Amino acid sequence: MGSRVRRPETDILTISHGDTLTVKKYLTAAEFRQLVKASARPVRIDTGAPTADVALEIDPTESGVATVIAYLLDWTFTDFDDRPLVIRDQPPAVVRAALDAIDADSYMEVQRAIQAHDTTMRTLAASEKKILSGENAPVPTLRSVG
Amino acid sequence: MLQRGIRGTVAAVKWSYFTAAAVHGYAVTQDRTTKTWTVTGSFVPGLVDGFKLRQRPIFFVAPFKRGAWRWEILAINTYDGGRFAATLGPLSTEDQHGITRPTAGN
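First to last, the protein sequences are chains A and B.
Under numbering that gives the first Met the number 0, the residues of the first sequence are numbered 0 to 145, in order.
Under numbering that gives the first Met the number 0, the residues of the second sequence are numbered 0 to 105, in order.
Hints in this document: simulated from the structure, not taken from any laboratory.
Predicted model, so just to flag it, every value in this text is computed and none were measured.
Where hints are given, some of them may not hold.
Computed from the model, here is a short list of chain B residues facing chain A with C-beta under 8 Å [what the hints assert, rightly or not]:
(1) Trp14
(2) Ser15
(3) Tyr16
(4) Phe17
C-beta atoms are modelled at their ideal positions from N, C-alpha and C, and glycine is treated no differently.
Isolated chain A (complex conformation):
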């Protein structure tokens, strides 16, 4: 049986103009839950009843930025005076504000790079699981006879 806890590791993603993004290699369960929570928006389901039911649906716009915030640790971006745009060790609201301040093309480049990284790491994690278990499905528990 392998460990279900991963050491925190980072990857460096190189994007245009020689800029780099430092990202988490994997997300923890808490980070994944936060990503799911930040990606969803409440939707009222009108059933005609006096109080409408509320469901959650994925918000495509928020899902993208939530994925970026979940993975992004640092970058080499600077402002117009060539001073670093500091996001390292900053709270999510500060990272979000910096992401909102960069130009739209740069933001989309960051998002595409991090979404590609997310896909790569999920594929890698799935293949590791397959290698460890030898199959896709969880191994069923065998009941003892009697």
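Once you have looked at the hints, place chain B on chain A.
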């Protein structure tokens, strides 16, 4: 006992990029004879992750305007009320890009 020290408000105990505990109020001192660094301080209630605090290596990181002082925590004791005391390794300084370098005379 001759000592030099650093006092501050905001700091953190870090395990890699994770914050294992947020610190509000700390005092780092160095014994000039033994060169040993120690820190005492208080954790922020609700911002202490017991799992991450038990991992190694962990670091005491105290930010300043354009960087941070960083020490490896060699041993840490926590007390009721969120107080803690730790023995630290050598001091290094990191700039705002996160590049760490040893600090002279540490």
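Evaluation of the provided hints:
The criterion of a C-beta within 8 Å of any C-beta in chain A is met by Trp14 (chain B), whose closest approach is roughly 7 Å, and the hint holds. Evaluation of the Ser15 (chain B) hint against chain A yields a held restraint, the C-beta minimum of about 4 Å falling below 8 Å. Hint status for Tyr16 (chain B) relative to chain A: holds, with the closest Cβ pair at about 5 Å, below 8 Å. Proximity of Phe17 (chain B) to chain A holds as hinted, the smallest CB-CB distance being about 6 Å (cut-off 8 Å).
In this structure, none of the earlier numbered hints is contradicted; all agree with it.
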